[in-house]
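Protein sequences appear in the order of chains A and B.
Mapping of the first sequence onto our numbering: position 24 corresponds to residue 24, and the numbering continues sequentially without gaps.
Mapping of the second sequence onto our numbering: position 63 corresponds to residue 63, and the numbering continues sequentially without gaps.
Hints were generated in silico from the structure; no laboratory data involved.
Note that the Cβ used here is the ideal one computed from N, Cα and C, for glycine as well.
Be careful, since some hints might not be right.
Facing chain B, a subset of chain A residues (Cβ under 10 Å, in silico) [stated by the list, open to error]:
#1 43
#2 44
#3 50
#4 88
Computed Cβ-Cβ distance ranges for the label pairs, DEER-style [said to hold, decoys possible]:
#5 B:20 / A:95: 42 to 48 Å
#6 B:70 / A:57: 38 to 44 Å
#7 A:87 / B:26: 42 to 48 Å
#8 A:80 / B:43: 50 to 56 Å
#9 A:35 / B:235: 19 to 25 Å
#10 B:152 / A:27: 44 to 50 Å
#11 B:107 / A:61: 46 to 52 Å
#12 A:92 / B:141: 16 to 22 Å
From chain B, some residues computed to sit far from chain A (all C-beta separations above 10 Å) [what the hints assert, rightly or not]:
#13 35
#14 52
#15 62
#16 76
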Amino acid sequence: MKNIIILFLCLAFGTTLQAQNQVELTGKVKVEVDGLSCPFCAYGLEKKLKDLNGVTDIKIDVKNAFALLTVKEGKILSEETIRKKVKEAGFTARTIKKVIDEG
Amino acid sequence: MKVNLCFLICVLLLSCSSKKEWVFSDKIILPEDVHPLGLTMVGTQLWISDPDNNRILLVNNQGAVLDSTSNLARPMHITSKEGIVYVPNFTSDTITIFSDKRMESIQINESLDAPASVAVQGETMAIADFYNHRVLLIEDGNSIHIGGEGRTDGFLYYPTDVALTEELVVVADAYNNRVQVFDRKGQFIRVIGWQENIQVATGIEVYENQILVSDFYGGRVLIYDFDGNLVRTLSDHFNKPTDVLVAKDKMFVANYGENALIRLNFE
Chain A
1 MKNIIILFLC LAFGTTLQAQ NQVELTGKVK VEVDGLSCPF CAYGLEKKLK
51 DLNGVTDIKI DVKNAFALLT VKEGKILSEE TIRKKVKEAG FTARTIKKVI
101 DEG
Chain B
1 MKVNLCFLIC VLLLSCSSKK EWVFSDKIIL PEDVHPLGLT MVGTQLWISD
51 PDNNRILLVN NQGAVLDSTS NLARPMHITS KEGIVYVPNF TSDTITIFSD
101 KRMESIQINE SLDAPASVAV QGETMAIADF YNHRVLLIED GNSIHIGGEG
151 RTDGFLYYPT DVALTEELVV VADAYNNRVQ VFDRKGQFIR VIGWQENIQV
201 ATGIEVYENQ ILVSDFYGGR VLIYDFDGNL VRTLSDHFNK PTDVLVAKDK
251 MFVANYGENA LIRLNFE
């Protein structure tokens, strides 16, 4: 019985972690990255994020260390996909979240 | 009369024996939206790269823009030879050449990933290939690969600039916080700068027998001899310096952290 409970907890915890990585994002997405203050880093990140299928625009805010992506309508990106690209650029994404338009 | 003559001779001797050094001249203020990254001199004309606005600019002594070329893709460390400006496009993996208002891409038979710098000497072109952690040395269509990703001697970690002499290839090994010197066959010769705790070596200039390095986060320019001995550190007036250029006893430093160039005189 004890083993079944442990197995159940592991499965539940694993599923939660997986779900967190599979958050689907569309519209405007803000990616906060540490150590983005040199131009080679900033435009390197821009270059790698441009490769993402469905991204139509990227704005890099070097001063506040984030990238703002615009994802084409109807296209959905997973958080995991974005994290992978950020890593390819030589960084670790601190947070990735959808920006809610207040207009 | 005798005393005056002696005094004059002393002054003359002292001035002859005093060593020339780099002295701050002035800050050249550029238009507000310009953050200069790379510098090159074509004749007596100073060109700067402005990656934030995807263009290169020709500026005068006061920083006014005389000419510009847009539609580039994050142009980084530019260079020139015989009136032609060579531009590495960081986000489109291409090298553009520009002269007499004409622009064209040159064919590179290698797969680049974020070219950060281009240097030309004689028939040889060197490219700092940022995300491939290497420098390509291209001559007569053949290329030599220098570096590869790594932290030890001979390897590179995000190189941002390269300079050529007849015998040497000098590389700003940016995120290894050092400069590396190779021979023209790509063989490692030496590391420079590890004793000075360079924070990020972003720009390189080779002038006469010296190697000048801009330290981006350190806010300074370090001057070394070819053996790697530190000759001088300049640390005033710099704000995130990305490049150094020496031309006719004048040094220009690109302050990426603001819309300005710093000019120094050798006197």
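Hints versus structure:
{"no.": "1", "hint": "43", "verdict": "holds, 4 Å"}
{"no.": "2", "hint": "44", "verdict": "holds, 6 Å"}
{"no.": "3", "hint": "50", "verdict": "holds, 7 Å"}
{"no.": "4", "hint": "88", "verdict": "holds, 8 Å"}
{"no.": "5", "hint": "B:20 / A:95: 42 to 48 Å", "verdict": "violated, 53 Å"}
{"no.": "6", "hint": "B:70 / A:57: 38 to 44 Å", "verdict": "violated, 18 Å"}
{"no.": "7", "hint": "A:87 / B:26: 42 to 48 Å", "verdict": "holds, 43 Å"}
{"no.": "8", "hint": "A:80 / B:43: 50 to 56 Å", "verdict": "holds, 53 Å"}
{"no.": "9", "hint": "A:35 / B:235: 19 to 25 Å", "verdict": "holds, 23 Å"}
{"no.": "10", "hint": "B:152 / A:27: 44 to 50 Å", "verdict": "holds, 45 Å"}
{"no.": "11", "hint": "B:107 / A:61: 46 to 52 Å", "verdict": "violated, 35 Å"}
{"no.": "12", "hint": "A:92 / B:141: 16 to 22 Å", "verdict": "violated, 40 Å"}
{"no.": "13", "hint": "35", "verdict": "violated, 8 Å"}
{"no.": "14", "hint": "52", "verdict": "violated, 8 Å"}
{"no.": "15", "hint": "62", "verdict": "holds, 25 Å"}
{"no.": "16", "hint": "76", "verdict": "violated, 7 Å"}
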